[in-house]
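Engineer: Between the sequences and the hints, there should be enough to build the whole structure, so can you do that?
Okay, here's what each chain looks like letter by letter:
There are 2 protein chains.
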Amino acid sequence: MSGEQELGVTESKEHNPGDWYAEVVQKANLADYAPMGGFIVTKPRGYALWEGIQDNLDAWFKETGAQNAYFPLFIPESYLEREKDIVEGFDPEVAWVTHGGHNELEERLAVRPTSESIIAPYMAKWVRSHRDLPLRLNQWCSVVRWEATDTKPFFRTKEFLWQEGHTAHESEDEAWDETMTRLDQYERLYTDVLAIPVLKGRKPDHDKFPGAHTTTTTEALMPDGKSVQGATSHYLGQSFAEAFDLTYTDEDEVEQVAHTTSWGLSWRALGALIMTHSDDQGLIVPPTIAQEQVVIVPIWNEDNREEVLDYAQAIADELDAGDIRVELDDRDERNPGFKYNEWELKGVPLRIEVGGYEVADEEVTLVHRPDGENVTEDNDDDLVETIEEHLDIIYDKLYATAEANLHENIREAENRNEILGTIGQHGGYVKTAWCGNESCETEIKDTISAEIVMVPLDRDEEPIGDTCAICGEAAHETAYFAKSY
Amino acid sequence: MSGEQELGVTESKEHNPGDWYAEVVQKANLADYAPMGGFIVTKPRGYALWEGIQDNLDAWFKETGAQNAYFPLFIPESYLEREKDIVEGFDPEVAWVTHGGHNELEERLAVRPTSESIIAPYMAKWVRSHRDLPLRLNQWCSVVRWEATDTKPFFRTKEFLWQEGHTAHESEDEAWDETMTRLDQYERLYTDVLAIPVLKGRKPDHDKFPGAHTTTTTEALMPDGKSVQGATSHYLGQSFAEAFDLTYTDEDEVEQVAHTTSWGLSWRALGALIMTHSDDQGLIVPPTIAQEQVVIVPIWNEDNREEVLDYAQAIADELDAGDIRVELDDRDERNPGFKYNEWELKGVPLRIEVGGYEVADEEVTLVHRPDGENVTEDNDDDLVETIEEHLDIIYDKLYATAEANLHENIREAENRNEILGTIGQHGGYVKTAWCGNESCETEIKDTISAEIVMVPLDRDEEPIGDTCAICGEAAHETAYFAKSY
Numbered sequence: 000m001s002g003e004q005e006l007g008v009t010e011s012k013e014h015n016p017g018d019w020y021a022e023v024v025q026k027a028n029l030a031d032y033a034p035m036g037g038f039i040v041t042k043p044r045g046y047a048l049w050e051g052i053q054d055n056l057d058a059w060f061k062e063t064g065a066q067n068a069y070f071p072l073f074i075p076e077s078y079l080e081r082e083k084d085i086v087e088g089f090d091p092e093v094a095w096v097t098h099g100g101h102n103e104l105e106e107r108l109a110v111r112p113t114s115e116s117i118i119a120p121y122m123a124k125w126v127r128s129h130r131d132l133p134l135r136l137n138q139w140c141s142v143v144r145w146e147a148t149d150t151k152p153f154f155r156t157k158e159f160l161w162q163e164g165h166t167a168h169e170s171e172d173e174a175w176d177e178t179m180t181r182l183d184q185y186e187r188l189y190t191d192v193l194a195i196p197v198l199k200g201r202k203p204d205h206d207k208f209p210g211a212h213t214t215t216t217t218e219a220l221m222p223d224g225k226s227v228q229g230a231t232s233h234y235l236g237q238s239f240a241e242a243f244d245l246t247y248t249d250e251d252e253v254e255q256v257a258h259t260t261s262w263g264l265s266w267r268a269l270g271a272l273i274m275t276h277s278d279d280q281g282l283i284v285p286p287t288i289a290q291e292q293v294v295i296v297p298i299w300n301e302d303n304r305e306e307v308l309d310y311a312q313a314i315a316d317e318l319d320a321g322d323i324r325v326e327l328d329d330r331d332e333r334n335p336g337f338k339y340n341e342w343e344l345k346g347v348p349l350r351i352e353v354g355g356y357e358v359a360d361e362e363v364t365l366v367h368r369p370d371g372e373n374v375t376e377d378n379d380d381d382l383v384e385t386i387e388e389h390l391d392i393i394y395d396k397l398y399a400t401a402e403a404n405l406h407e408n409i410r411e412a413e414n415r416n417e418i419l420g421t422i423g424q425h426g427g428y429v430k431t432a433w434c435g436n437e438s439c440e441t442e443i444k445d446t447i448s449a450e451i452v453m454v455p456l457d458r459d460e461e462p463i464g465d466t467c468a469i470c471g472e473a474a475h476e477t478a479y480f481a482k483s484y
Numbered sequence: 000m001s002g003e004q005e006l007g008v009t010e011s012k013e014h015n016p017g018d019w020y021a022e023v024v025q026k027a028n029l030a031d032y033a034p035m036g037g038f039i040v041t042k043p044r045g046y047a048l049w050e051g052i053q054d055n056l057d058a059w060f061k062e063t064g065a066q067n068a069y070f071p072l073f074i075p076e077s078y079l080e081r082e083k084d085i086v087e088g089f090d091p092e093v094a095w096v097t098h099g100g101h102n103e104l105e106e107r108l109a110v111r112p113t114s115e116s117i118i119a120p121y122m123a124k125w126v127r128s129h130r131d132l133p134l135r136l137n138q139w140c141s142v143v144r145w146e147a148t149d150t151k152p153f154f155r156t157k158e159f160l161w162q163e164g165h166t167a168h169e170s171e172d173e174a175w176d177e178t179m180t181r182l183d184q185y186e187r188l189y190t191d192v193l194a195i196p197v198l199k200g201r202k203p204d205h206d207k208f209p210g211a212h213t214t215t216t217t218e219a220l221m222p223d224g225k226s227v228q229g230a231t232s233h234y235l236g237q238s239f240a241e242a243f244d245l246t247y248t249d250e251d252e253v254e255q256v257a258h259t260t261s262w263g264l265s266w267r268a269l270g271a272l273i274m275t276h277s278d279d280q281g282l283i284v285p286p287t288i289a290q291e292q293v294v295i296v297p298i299w300n301e302d303n304r305e306e307v308l309d310y311a312q313a314i315a316d317e318l319d320a321g322d323i324r325v326e327l328d329d330r331d332e333r334n335p336g337f338k339y340n341e342w343e344l345k346g347v348p349l350r351i352e353v354g355g356y357e358v359a360d361e362e363v364t365l366v367h368r369p370d371g372e373n374v375t376e377d378n379d380d381d382l383v384e385t386i387e388e389h390l391d392i393i394y395d396k397l398y399a400t401a402e403a404n405l406h407e408n409i410r411e412a413e414n415r416n417e418i419l420g421t422i423g424q425h426g427g428y429v430k431t432a433w434c435g436n437e438s439c440e441t442e443i444k445d446t447i448s449a450e451i452v453m454v455p456l457d458r459d460e461e462p463i464g465d466t467c468a469i470c471g472e473a474a475h476e477t478a479y480f481a482k483s484y
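Protein chains in written order, with numbering that gives the first Met the number 0: chain A, 0 to 484; chain B, 0 to 484.
Source of the hints: derived by calculation from the structure; they are not laboratory data. Just so you know, not all the hints are guaranteed correct.
The list makes no distinction among identical chains, and a pair is therefore deemed to hold if it is satisfied within one copy or across any two copies.
Stated by the list, open to error - Within a straight-line C-alpha distance of at most 27 angstroms, the following computed DSSO-like cross-link-like pairs (lysine-lysine) qualify:
(1) K338 <-> K83
(2) K124 <-> K151
(3) K26 <-> K61
(4) K225 <-> K61
(5) K199 <-> K225
(6) K26 <-> K124
(7) K199 <-> K151
(8) K61 <-> K338
(9) K430 <-> K61
(10) K225 <-> K83
(11) K124 <-> K338
(12) K396 <-> K199
(13) K444 <-> K338
(14) K83 <-> K151
(15) K430 <-> K482
(16) K207 <-> K396
(17) K430 <-> K338
(18) K124 <-> K199
(19) K482 <-> K444
Structural biologist: Okay, here's the thing in structure tokens:
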């Protein structure tokens, strides 16, 4: 897959973030555009990042009682219609299968836009008594939503990869705890794996998942000032259980309606990852999920080629034995400068340079991808540990930069013009007192395309002002306005 | 998910294998039927077996240069038409998406029945020079084939999970080596993970994958005498590369057409697993991929309840620390006999029984699931090793039974009536000399529903007779006739 990556990134992240993002995605070999508008092809280097996310989340899900399953790709139209909010919420976005082979189907089949309507009836069938609860199912799959808006690889595509968890519980408290457990795991993924701090909150009532009681969200702020909804965890209350007869007999043999949740994280997390850390040299991936954590570039001349290569190979072997994902770039046909550029474009977090001086002094020169910091270290018995420390430092650098961006860009506003002016000038989040009516959000949205991306998780939290910054009526909560992906 | 599994299997594997199979699948909680005919819902215990297969194969694929990727679920009709054999081969089986939201699409989209038509054009785009080869892509996904025949969970479903590998190479030799590497990995999966011996061979030319030069197969013989096509690996020659302009410049800067392969294994492997080892008590899973390798059932009375439970818990902790997947069934509300039946139904390969005698003598009683063999062993410092040895013995028992079935059921026949009589009486494989014409297979197929499931891999191998057993013309190869799933 040469050719494409031989030219570096030409667009500027600061001045033209949209084109820059598209260029990084393509030139770092993460994805390509599919023939159908709105679809992408995920290339091996992009898919490896998704596998990194899967490995982490899947292990945490299993440790906390979730079991993987697989439900059909198609949902009969009549099933989709059983929960009215679902059908109203997704109907405009559904891809419909109408023919199987040469025959028209008797009933249209929806390509799943989400699977509540097909999973809930089976949970209803499988659950009989309180001993069958909690029931926690998860599936890794793709879903299709026929969105009309512009495509952005990973951020917004008609088909996307995700996981969707679906659980049923005896009580509201248990279901709410489940909702929070999953939200906390999503936060952990962003914080501890993707090096991105997030805010946790709720969606305003008019922007909940169709049919949900409460939609909770993790929001990540991008360097261009826009917010990304990083994952959502829904407390569904009893509405789905009622629509699908998901009931159980309690300890006193009395029939009860279950409380359910659903929660999902999509490959949008990859979009946030790429957008947050990368720069005008290309992709930057944190060591946690980098396909190669370390690349070794040997620098030789005619006289010391074998010596330098042997030295580099020994280091590669040692790091490999120490479970560090390392690549030795010993290609003859490329010079070191070309290799630096290529591995920078691909986002490898740490480069080790070894040449005649390093061999002579038994040292290694380390270069941190995020800021180019250059450090010389001894190549002694502690090399694996030394490299691990540097990988941790690089992770912390990435996180610190993202955290500073978040902290600097949460501002408050007391009236309509302040909201518009602050977002217009700085982007980021603007906190303001809000009456709770969608019409006040609409007013801002129509003027500047910013919306309420979240309100505080705690419904009893006092708003930051007494009156709504937009209409002046009594305020009920604090709204976080932002432009969003 | 109680209730269903409380009743054991009622059908007989020997006398009614079809109904017995369906009952095991449902009562061992592997799968349920979907609302649309021909589709199934894969329950957690079924999906865990698929994950076991994935973990093994995926690691081997990666060790041998394959990279995972993800291509779109949909293929535009015009893409499907670019390779004429593909479109003719799959057209009657394609599910078509015609509407996105409320709008009719300009071009119909096929839900992928296999992905050559969408992957090959991208391989063509990504490959420019010989340095980009070999290119080895794999994806784990579901595909849809609108087959009209009866559904059998895992064996035959309109949607099924599989992996599909697609590779491009400089030479025919390399592509053929790739084809064999994958076939060998499939054989390894069956032999070393699923405890099922397989035969390796080629499909007759009239039964190749559409457009392929050679289709190789692993065939597994079921206890009911039918053959299962366990996985296929196709050497595609240059036909796909030509249809999709998959070319590269060689070392002399001359443009060449690549040689390609594709290879796939589906969840039919789970069908073969269930069918091969299980019995009238329910499922039997080899220790290699069993969700629980060991179940401990404590047997207590009023006087020694705490003592027995402590003893059982200590064993569970020790096995868990030794990386054995163990479950302690300490439910109060069920008696040991009920627990035995339930875990036998679920297929756990080894049961440990501990009661007053075992506590007093510092022993454990082990029961092998496949044959009920009962052994007492010391509960000493080597317990983990002892249990591992028994798990190996159980694996070997399962394999030996399947191997004996295979060896006893390969027979030869010299004429039409012998073929029909032998398959009619014994099932299994019947080897016979064959002229190579489909019409001779058709004659057998129409009479007894047996077909040629494979011919020898080696094209130069002499047939076992001089003349075709059916038509009497000169024989060109040895055909393996069998009824098949």
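Engineer: When the structure is checked against the list of hints, which entries are broken? Sort them ascending.
Structural biologist: Of the numbered hints given earlier, those the structure breaks are 1, 4, 9, 10, 13, 14, 16, 17 and 18, listed in rising order.
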